[in-house]
Amino acid sequence: MENTPLFRQEVLKNRIHRRLGTVRIVVPFNFRIAGYSALGIVFVLLIFFYFAQISEKIFIRGYLDTEGGIISVESESPGLVDKVAVEEGSFVQKGQLLFVISNPGNESSTGQQDNLRERINNLKREFQIKDEHHHALLNLYSKNYISLSNLKDSESDLLELKNRLKEAEYQLIKYKENQIQHIRAPIDGTVTNIFYRRGQRIQSSKTLLQVIPPEVNLIARLYIPSRNAGFLKPEQTIYLKYDAYPPQRFGFYKAVIKEINQTILTDDKEDKPIQVGEPYYKIKAALKKSSVLVYGKKVKLNHGMTLTAIIAGEKKNIWQWILDPIYSYYGDPIV
1 MENTPLFRQE VLKNRIHRRL GTVRIVVPFN FRIAGYSALG IVFVLLIFFY FAQISEKIFI
61 RGYLDTEGGI ISVESESPGL VDKVAVEEGS FVQKGQLLFV ISNPGNESST GQQDNLRERI
121 NNLKREFQIK DEHHHALLNL YSKNYISLSN LKDSESDLLE LKNRLKEAEY QLIKYKENQI
181 QHIRAPIDGT VTNIFYRRGQ RIQSSKTLLQ VIPPEVNLIA RLYIPSRNAG FLKPEQTIYL
241 KYDAYPPQRF GFYKAVIKEI NQTILTDDKE DKPIQVGEPY YKIKAALKKS SVLVYGKKVK
301 LNHGMTLTAI IAGEKKNIWQ WILDPIYSYY GDPIV
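Numbering (full-length UniProt numbering), first residue to last: 1 to 335.
Label-pair restraints from in silico Cβ distances:
#: 1; residue 1: 266; residue 2: 150; range: 19 to 25 Å
#: 2; residue 1: 135; residue 2: 226; range: 32 to 38 Å
#: 3; residue 1: 144; residue 2: 249; range: 43 to 49 Å
#: 4; residue 1: 144; residue 2: 180; range: 54 to 60 Å
#: 5; residue 1: 148; residue 2: 288; range: 16 to 22 Å
Simulated pairs of lysine to aspartate or glutamate, EDC-like, Cα-Cα distance not exceeding 20 Å:
#: 6; residue 1: 206; residue 2: 167
#: 7; residue 1: 282; residue 2: 67
#: 8; residue 1: 300; residue 2: 215
#: 9; residue 1: 282; residue 2: 270
#: 10; residue 1: 166; residue 2: 188
#: 11; residue 1: 124; residue 2: 157
Just so you know, the hints here were simulated from the structure itself, not pulled from any lab data.
Cβ atoms here follow ideal geometry from the backbone N, Cα and C, with glycine treated the same way.
Turn these sequences into a full structure, and let the hints guide you.
In structure tokens form, the structure reads like this:
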């Protein structure tokens with residue numbers, strides 16, 4: 001008996017072709033564009049996060065100082081301030097009257113003069129030693145054994161010591177054994193930091209004011225914690241914002257790192273207006289501009305102004321910054 005199919009061939013052929021036709025899913029053109037755009041954006045973001053690099057921003061404190069030192073004018077003996085003959089920021093010439101101090105009933109002693117002479121002799125000996133050391137450095141520099149920054153540090157120390165010696169010699173020459181002290185400017189310069197006013201009583205050897213020598217450049221002295229000092233290098237550009245001039249209105253100002261001290265210090269080892277609170281290194285930076293633009297006018301920066309420096313630290317890919325917390329906890333699998 002032959003095997004005959006249950007259905008006729010006509011029925012089977014008819015079932016192949018559905019009455020409603022083939023099912024097709026039609027995606028609107030706008031949806032297609034949006035999908036492709038989303039995929040493109042995701043692809044671009046992945047490439048960006050993988051290849052793009054950003055630097056860590058390190059914020060450190062500092063202040064403006066003068067290169068070569070400031071002359072401190074001191075009182076010769078105790079007394080009462082009768083007159084302050086200068087104002088903050090005024091330019092004075094050598095020998096110009098600064099203070100008049102009276103000390104009624106107090107006789108000048110020869111011991112004060114002896115102390116002053118001893119101070120001058122000590123400064124002369126120190127100057128001679130530093131001068132010999134400087135000449136030795138000149139010889140080493142000519143043979144390329146030391147850097148220019150080391151030579152300039154020696155010149156700066158020598159200049160500061162020379163100014164101190166001139167100041168002491170001037171005080172001895174002008175020393176008078178009477179009840180009235182006429183305190184005069186030891187050098188030409190700009191008056192800053194007047195510590196006493198009329199009517200105040202002062203003690204001997206107290207600083208009355210300070211004088212900034214002319215043609216002295218302002219520098220930024222910065223103090224960076226030791227934990228952040230690994231990526232610093234000379235000639236690196238940094239940005240400064242001055243506390244007296246908020247950056248939101250007056251902007252940031254460029255500076256260049258000129259010297260990085262290799263000796264680690266703490267707050268108790270150095271007298272300075274900035275407290276770091278942890279071990280630090282000293283940095284000297286040269287200012288690109290010694291003035292700020294305040295409402296369209298240039299205003300000169302002053303010695304002692306405090307500031308914050310922004311330094312670029314370690315540079316890494318964005319994905320590395322994102323994964324850093326995981327690496328710090330579990331360890332870097334790449335290492």
